[in-house]
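Chain by chain, the residues run as shown.
Protein chains: 2
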Amino acid sequence: MEKIKRSERLGAMTRILMDTPNRIHTLGEFCELFGAAKSTISEDIDLVSSSFSRFDLGRIETVAGAAGGVRYRAIPSPAKIRRVLNDLSEKLAEPGRMLPGGFLYTSDVSADSGIAQAMGEILAAQYYDRQPHFVLTMETKGIPIALMTARMLDVPLVIARRDSRAYEGSAVKINYIAGGGNDRIETMALARRAVSPGQRALIIDDFMKGGGTLQGMVDMMKEFLAEVVGVGVMISTAEPAVKRIEGVKSLLTLEGFDKKTGRAIIHPDKSYL
Amino acid sequence: MEKIKRSERLGAMTRILMDTPNRIHTLGEFCELFGAAKSTISEDIDLVSSSFSRFDLGRIETVAGAAGGVRYRAIPSPAKIRRVLNDLSEKLAEPGRMLPGGFLYTSDVSADSGIAQAMGEILAAQYYDRQPHFVLTMETKGIPIALMTARMLDVPLVIARRDSRAYEGSAVKINYIAGGGNDRIETMALARRAVSPGQRALIIDDFMKGGGTLQGMVDMMKEFLAEVVGVGVMISTAEPAVKRIEGVKSLLTLEGFDKKTGRAIIHPDKSYL
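Sequences listed follow chains A and B, in order.
As numbered in my numbering, residues 1 to 273 make up the first sequence, in order.
As numbered in my numbering, residues 1 to 273 make up the second sequence, in order.
Hints in this document: simulated from the structure, not taken from any laboratory.
You may find that some hints are simply not true.
[Said to hold, decoys possible] Distance windows between CB atoms, simulated:
hint	chain 1	residue 1	chain 2	residue 2	range
1	A	D87	B	E255	28 to 36 Å
2	A	E246	B	T40	49 to 57 Å
3	B	D258	A	E29	44 to 52 Å
4	B	N22	A	D87	19 to 27 Å
5	A	A238	B	K259	53 to 61 Å
6	A	K249	B	I185	16 to 24 Å
7	A	D219	B	T40	29 to 37 Å
8	A	A238	B	A166	32 to 40 Å
9	B	R23	A	D269	50 to 58 Å
[Unchecked claim] Just a few of them, taken from the derived set where beta-carbon distance is under 8 Å, the chain B residues facing chain A:
hint	residue
10	A12
11	F52
12	P78
13	A79
14	I81
15	Y105
16	S107
17	D108
18	D112
19	P144
20	P156
21	L157
22	F224
Note that CB positions come from ideal geometry on N, CA and C, so glycine has one too.
Looking at chain A on its own, in the form it has when it is part of the complex (with noise of 0.2 Å):
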């Protein structure tokens, strides 16, 4: 084979590096596909991490050991944070969002693949210490940032459903209290196979108003006897201050809709300020 030089090893190294998130790939991987010595893919390593750091773009990060090597993980800087979220508050505080009964227009955030993969990759960064062996989230506006959270952990998706289905399995159904107020009865199903016991489970939403829906993927995890390592989600609305679920993690804070104008009140949740 032709010698690879650096300036053609660093592309195709970041790129490979950023295809897996999260997964640990070998210095061995890199020598033999770019036919280099360690010493030399390990400088290697060092430069693009050093430009990542330079540029706020995540991290490439050595890790030691029998099991060790270089992996990336897109952990955004508490500037870059800050950016987003404001970001997205003021897009979210646009004119004409504002629906009969109070509620927020979202859905074309929640599914703008772009604003999902910033969303999972603040949300990710959170929970990388707790090691979820899988993400949960409850159909349908919460999968776009649920999936790209579980991708920045390199872990799977798990969705719970209104019903069970037939092209499920057999599952697991409980009824929860939904709706902040009027206290609904509804029901969640989640596919027997989907989760095994002893597994941790991070939950993940696009929104939480009372926090039954929440509340209801923690009992079902109980069900699973599958533990709950965290719960965060994109949007939290200020009232009511009491939800039926407590240590979750918010991106953002609807504080109510303008009077006036009907322009949302939303901004960063107050840990990000």
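We have chain A; now place chain B onto it with these hints.
This is chain B only, laid out in the frame that chain A set:
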């Protein structure tokens, strides 16, 4: 600012391009970021581009003209597509996936972010030239694949629902014929504001049996005066051979199940062989 070396630029440039697939970045943007001349940045791009081609990592393309610049497209080679689809066929032919009623359990596969990403890359590659304005899918299982396709195309994802919900505002509701054989009438709803007249839609879903749901999405687009420029699915069943919709591109074909072992008989669509 301290001078930035080429070896530092290449990783950062790759990261920035990969973060925004199919989006054109001007050379000026990189000149400013790295404090380098256009000719230098142009050489950098050539280096990344040639290493991407060499290792089958997609394309870094230079786009000429006034709105020109450079973009990343994750176009996989025919050899890579075959490898991905063969691996996926093997996974779906694992024992234990046949469910009562002759359904195939695919939820873990369609919600795997790595698989969804790979499917999105293959699907998007076939529709760049049709320049869709958005990707349309129907909840729930198709969402991960549709989201990743949308991400690769740099367009929004639009999700049709079984029911219109208060938090989506006014919606268009249609009835469509779902299910192979027993012809159930189902309802599909889409937020009025999600699509504008004249837009080009790419329809993506995870599974096609009779094609009723896909035809429903085509009918929905007629209500919005939008043009359907393509329809793609992950898996299509061999039976029924005649579908309610024509021209669907499928990645895999499910022939049925082995009566002895209960394993799925599934393979890449013949267009990929």
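Which of the stated hints cannot be reconciled with the structure, identified by number in ascending sequence?
1, 3, 6, 7, 8, 9, 12, 13, 14 and 22
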